[in-house]
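Asker: Here the protein sequences line up with chains A and B, keeping their order. The first sequence begins at 0 in numbering that gives the first Met the number 0 and counts up by one. The second sequence begins at 0 in numbering that gives the first Met the number 0 and counts up by one.
Do not rely on the hints blindly, as some may be mistaken.
What the hints assert, rightly or not - To spell it out: a stretch of chain B is covered by chain A in this simulated footprint if at least three of its residues, at any positions, have a beta carbon under 8 Å from a beta carbon of chain A; those stretches are:
{"#": "1", "region": "97–110"}
{"#": "2", "region": "125–136"}
{"#": "3", "region": "218–225"}
What the hints assert, rightly or not - Ranges between beta-carbon positions, derived for each pair:
{"#": "4", "chain 1": "A", "residue 1": "Pro205", "chain 2": "B", "residue 2": "Val79", "range": "42 to 48 Å"}
{"#": "5", "chain 1": "A", "residue 1": "Phe206", "chain 2": "B", "residue 2": "Arg233", "range": "52 to 58 Å"}
{"#": "6", "chain 1": "B", "residue 1": "Gly116", "chain 2": "A", "residue 2": "Leu209", "range": "54 to 60 Å"}
{"#": "7", "chain 1": "A", "residue 1": "Leu23", "chain 2": "B", "residue 2": "Asn225", "range": "46 to 52 Å"}
{"#": "8", "chain 1": "B", "residue 1": "Leu68", "chain 2": "A", "residue 2": "Leu194", "range": "38 to 44 Å"}
{"#": "9", "chain 1": "A", "residue 1": "Gly158", "chain 2": "B", "residue 2": "Arg233", "range": "49 to 55 Å"}
{"#": "10", "chain 1": "A", "residue 1": "Val159", "chain 2": "B", "residue 2": "Gly116", "range": "32 to 38 Å"}
{"#": "11", "chain 1": "B", "residue 1": "Asn177", "chain 2": "A", "residue 2": "Gly188", "range": "14 to 20 Å"}
{"#": "12", "chain 1": "A", "residue 1": "Val159", "chain 2": "B", "residue 2": "Ile13", "range": "38 to 44 Å"}
Said to hold, decoys possible - Heads up, incomplete: computed chain A residues facing chain B, CB under 10 Å, no partners named:
{"#": "13", "residue": "His9"}
{"#": "14", "residue": "Ser151"}
{"#": "15", "residue": "Phe206"}
{"#": "16", "residue": "Ala218"}
Everything labelled a hint here was simulated from the structure, so no lab data went into it. Note that CB positions come from ideal geometry on N, CA and C, so glycine has one too.
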Amino acid sequence: MTAFIGLIRHDLRLAARQGGDIGLVLGFFVLAVILFPFGVGPEPELLRRIAAGIIWVAALLAAVLSLDRLFAADYADGGLDLIALSPVPLELAMLAKSTAHWLTTGLPLVIVSPLLALFVDLDPAALPALMLGLLLGTPAMSLLGAIAAALSLGARRPGVLMTLLVLPLYLPTLIFGAAAVEASLSAEGARSHLLLLAALSVAALPFAPLAAAAALRQALD
Amino acid sequence: MLSYLANPARFMRISGVALPWFGALSLLVLGLGLVWALVVAPPDYQQGESVRIMFIHVPAAWMALSVYLFVAVASAVALVWRHPLAEIAAQAAAPIGAAFTFVCLVTGSLWGRPMWGTWWVWDARLTSVLVLFFLYLGYIALVNAFDDASRGARAGSLLALVGIVNLPIIKFSVDWWNTLHQPASVLRLGGPTIDASLLAPLLVMALGFGFLFGWLLLLRMRAALNERKLRALRVYGQALDGSAADEPSSAATRPAWR
């Protein structure tokens, strides 16, 4: 347990010292959302209809972009070998990495999302569904992203490859997340969609670290 | 039998004998099936003549799913038993499966235009098959993304296994969601609901596609094994010459199936 917490604290400390990383993720998130009004035109009616999709797609892309710093630094300086050799099960180490990634990427995305709802003219009544949806869906993104990051370790173009690998896995989260926001504005309510989002994250919790650990063992051979 | 074929030399001998048979069978069965499907079979009472696209679209879809299952099983065999030919089989099959998926998507789109009035719709079945296509492309990209071929092969094997979760989603998508794509008419509880006069040529076409896959797979696997032999001979020859310095090591470790 101490090793688990220690790994998370190690990653958080690194992220704090290199402060720029969280800022980059948030900056990309904001910029990606801001691009849409320029592209589709600033009419509030149009933006309001696609607001949920814009914010979720931008959150997804921001999460994908932050994935390569999950293992890259440790792989380069040999820290990953030490983690693999330690008595801590590699699956637990993967879980710790994903948790730290979520704390430095997913959580900031959730916190910044109300500001972006302003830019795309999202109905304020949908804000709780948006934030709760992001809160429930971003853990799945961090967990599944760890698989893709581990698979692409040592590849020639890891960033682009990771995007190609991880987007099919992210699709259910995107579909239910955007649908939750839409549903909260209608009579149907967002409950079923949010429950499905939670189910995705909870299902990824045991399986994703397994797959990521297997991928990492292949990479470190 | 799998371990019997593990010896590459024995596999080359057996597949060399089997290859022309697969080719002849696929030509024969596909020819027979196409004539039956396009000329002999009756038109549908509702869709008329355009039902004949089904005889290409449905077998292509069945092959797309089966080939992905083949890739996943071969990947599992490679990871668990380290069968020497399993990775070659998976990497040889993936582009064939991607091609079948592409054919399925295109013929489906061509069929959808007269039937549904649209080239594409984002319902569960079409979306999940598109995801399957991207899984194939991701697998091929991953295997080729590494300078070390064996690292690429292992990473690809893992990805193929992770993506297996998409297969039941595709199969049951028409049951779980309200889709424009019609529900299952052949592989379902209670037996096929399609008429025998249309079911028979459909199954013949499916068999023909299966033989085609077998022929293409053996062709590609033999080509991959020959390429490995060539590479090994080249490296061996240079080692004998003593001029091994100018051949970069990355060329000797390019992926097997290319």
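Asker: Verify the CB-CB distance for Val159 (chain A) and Ile13 (chain B) against the hinted window 38 to 44 Å.
Answerer: 40 Å, holds
Asker: Given the range 14 to 20 Å, decide if the beta-carbon distance of Asn177 (chain B) to Gly188 (chain A) lies inside it.
Answerer: The hinted range 14 to 20 Å holds for Asn177 (chain B) and Gly188 (chain A), with Cβ atoms some 19 Å apart.
Asker: Return holds or violated for the Cβ distance of Leu68 (chain B) and Leu194 (chain A) against the range 38 to 44 Å.
Answerer: 31 Å, violated
Asker: A closest beta-carbon separation below 10 Å is what the hint needs, so does His9 (chain A) meet it against chain B?
Answerer: 26 Å, violated
Asker: Does the Cβ distance between Gly116 (chain B) and Leu209 (chain A) fall inside 54 to 60 Å?
Answerer: Taking Cβ atoms as reference, Gly116 (chain B) and Leu209 (chain A) lie about 45 Å apart, which means the hint is violated.
Asker: Check whether three or more residues of the region 97–110 of chain B sit with their beta carbon closer than 8 Å to a beta carbon of chain A.
Answerer: Since three or more residues must qualify, the claim that chain A covers the region 97–110 of chain B is violated, with 0 doing so at under 8 Å.
Asker: Quick one, is the Phe206 (chain A) hint okay against chain B at 10 Å, beta carbons?
Answerer: Constraint on Phe206 (chain A) satisfied, holds at 9 Å.
Asker: Does the Cβ distance between Leu23 (chain A) and Asn225 (chain B) fall inside 46 to 52 Å?
Answerer: 48 Å, holds
Asker: Holds or violated: the 49 to 55 Å window for the beta-carbon distance between Gly158 (chain A) and Arg233 (chain B)?
Answerer: Given a distance of about 33 Å, which is not inside 49 to 55 Å, the answer is violated.
Asker: Is the distance from the Cβ of Pro205 (chain A) to the Cβ of Val79 (chain B) consistent with 42 to 48 Å?
Answerer: 20 Å, violated
Asker: For the hint on Ala218 (chain A), just tell me whether its beta-carbon gets within less than 10 Å of chain B.
Answerer: 7 Å, holds
Asker: Just to be sure I understand the hint, the distance between the Cβ atoms of Phe206 (chain A) and Arg233 (chain B) should be within 52 to 58 Å; is that true here?
Answerer: For Phe206 (chain A) and Arg233 (chain B) the Cβ distance comes to about 43 Å; the hint is violated.
The earlier numbered hints that this structure contradicts are 1, 3, 4, 5, 6, 8, 9 and 13.
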